[in-house]
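Engineer: So you can see what is in the structure, the chains are spelled out below.
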Amino acid sequence: MKKSHRKRYAAIWRWHFYAGIIITPILLILAFTGAVYLFKYDIEAALYKDYYQVEAVGDPLTPEEQVDIAQNEIDGSVTRYRPGEGPERSAEVAITTEDGTSYTVFVDPYDGTALGVLNDDRRVMDIIEKVHGELMAGTVGDRLVELVACWTIIMIITGIYLWFPRKAKDFRGILIPRLKQGTKILIRDLHAVTGFWWSGGLIFFLLTGLLWTGFWGNGVQNITTMSGAGYPPSIWIGPAPESDVKTEEVADVSWAAENLPAPTSEILSGRLPVSINDVVNRAQEIEVHPTYDVFYPASEEGVFTLSTFPDQAQDEATVHIDQYSGITLADYRFVDYGILGKIMALGITIHKGLQFGLINQLFGLAICLGLIAMIITGFWMWLRRKPKDSTGAPASDRLINHKVPFFILIVLSLIFPLVGLSLIAVFLIDLLILQRIPKVRKWLNVKENRRSDDV
Amino acid sequence: MYRLLILILAATLLSACGSIDSETHGIYTEIPDISIIMDTQGISDVKEAQPLFIEVSENDTLVDDAEISLEVWRAVEEISASEVYTVSQRDDGLYEANVDIDVPGLYFAKAIVSAGNVEATPLQYFIVGQLNPQEHELLNEILPGDNEHTGGHH
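If you read the protein sequences in the order shown, they are chains A and B. Under the UniProt record's numbering, the first residue of the first sequence carries the number 1, and numbering increases by one thereafter. Under the UniProt record's numbering, the first residue of the second sequence carries the number 1, and numbering increases by one thereafter.
Please note that a few of the clues may not be correct.
Stated by the list, open to error - Covered stretches of chain A, going by a simulated chain B footprint (3 or more residues, C-beta under 8 angstroms):
#1 176-186
#2 223-230
#3 234-244
#4 268-278
By construction, these hints were calculated from the structure, which means they are not laboratory data. All C-beta atoms in this analysis are idealised placements derived from N, C-alpha and C, irrespective of residue type, glycine included.
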């Protein structure tokens, strides 16, 4: 290897090394929770079997009656109604109490029994989802997850560079691990070879996962939705259409004013929200996939929203219904998505392990387990060669000396702005802290009198 | 390096620009501009055949080919006890049903409207004469806000 290549190799290794050390704790959490979340519906079906399953006997009660039963259990505002997707599935009614706590009441639609109540914040899979999506730390957690996902992409790119065969004579240690050449070789191969084979799947999961993030994900949704190529507004981002609020029925109608006496009080008559029965009837008429939820209007201008994201992206639906007239204002199906919206929808259902059933779940699980294996083997390799008095990182070199990696980093910073911001943070840390504390500099193997691009 | 940092910062700020509003729906679908008005002012007493007018308009133009039926029932009863009325079209493009009121109180009127591809089920309450205590309570439940509503005569 030429000296310049050696330097480039060391510089890239250094990035791979530090990125790995910094992000792996969170990445491990994401991989583990992701693996569990792939089986969300199986786990919930087992956990809440007594709440989910009912015996179909006789005619079911109307949705309105089911909602009334739920309100007898919990005092608050109804926010969501979900009819069972089959005759042997209970209905769900979500109610938010005055203190803001959200509960789901499970109702047997046949005998009217309230089967049970769950606090939504304490549902196991919801907690797993919150850890996976935002580390249960709100916006800060969301940004951290995004940052880790972005840096994992950089880890993969740098890892592929480090893996790339330069003088290999066969594919052992490159495409298949060497099993009989000692533990050190085996661990190295498990890290590098797995990394190579898993890289495509990992990139897919990272990019589709990034769609949920509050910064990059929202930005992408914003751009694609506005361009007409993404999801229609209100599905991921943007407002729903508004209900047509009628506050002065008669005063606005000239013909009525000519023929009839003016109203003495607006209280004497007025428009009311349509019944949940009518909303459910509409859902059946327009053949929304039976896994839908009905979200109640959140304000006077709000709409009833029928929403379903079932296993297959092609069955997705988001329908907005005017709460005062029952008119369907917007009916968005998969076919209405722009081309990028369709791709994203398919990516998301695959990410969640839904699109292709068990095979999809196993594929996702393999990606998560492979990632965990790479983290463990990477950590093991580091511990094995780490000197006592330093991190064991390769010596720093100015990254700007290596045009291609430098260019790639710029491009990635532009695509993933949080990467750019983190680079600024690294630059400032180096400038303000590392360069002033020799012990830390030595421990991190940072040369003196260099700027952030040494890191 | 400084140039790179400025470039990154500019790109980050740019990415935060732009927003989606209700007009964006127009890129993906046509939001129907349909208005349905139910006028119950003609129902003022306890008597038979009082007019209830319905106006259906699309883009501020009256729709004259809607199919409409009307259900009216006392609010203290179930919808299953409703009286179903035929709705006829008038020469001026409005629709009219003649509603019978047997007792004073709080009533619900629900129109089932079918006009082209649009289906609607607007629901309206109206008061005839004095309300009994049960109807008072019901009125306070269905009206937004915490105000006590007293109802009253036309």
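Engineer: Against this structure, judge whether each hint is valid.
Structural biologist: Against the structure, the hints:
1. Beta-carbon proximity to chain B at under 8 angstroms applies to 0 residues in the region 176-186 of chain A; the threshold of 3 is not reached and the given coverage is violated.
2. Counting residues of the region 223-230 of chain A whose C-beta lies closer than 8 angstroms to any C-beta of chain B gives 4; at least three are required, and the coverage claim holds.
3. Residue count for the region 234-244 of chain A with a Cβ under 8 angstroms from a Cβ of chain B: 7. That meets the three needed, and the coverage hint holds.
4. Evaluation of the coverage hint for the region 268-278 of chain A: fulfilled, as 9 residues show C-beta separations to chain B shorter than 8 angstroms, against a requirement of three.
Hint compliance for this structure: hint 1 alone is broken.
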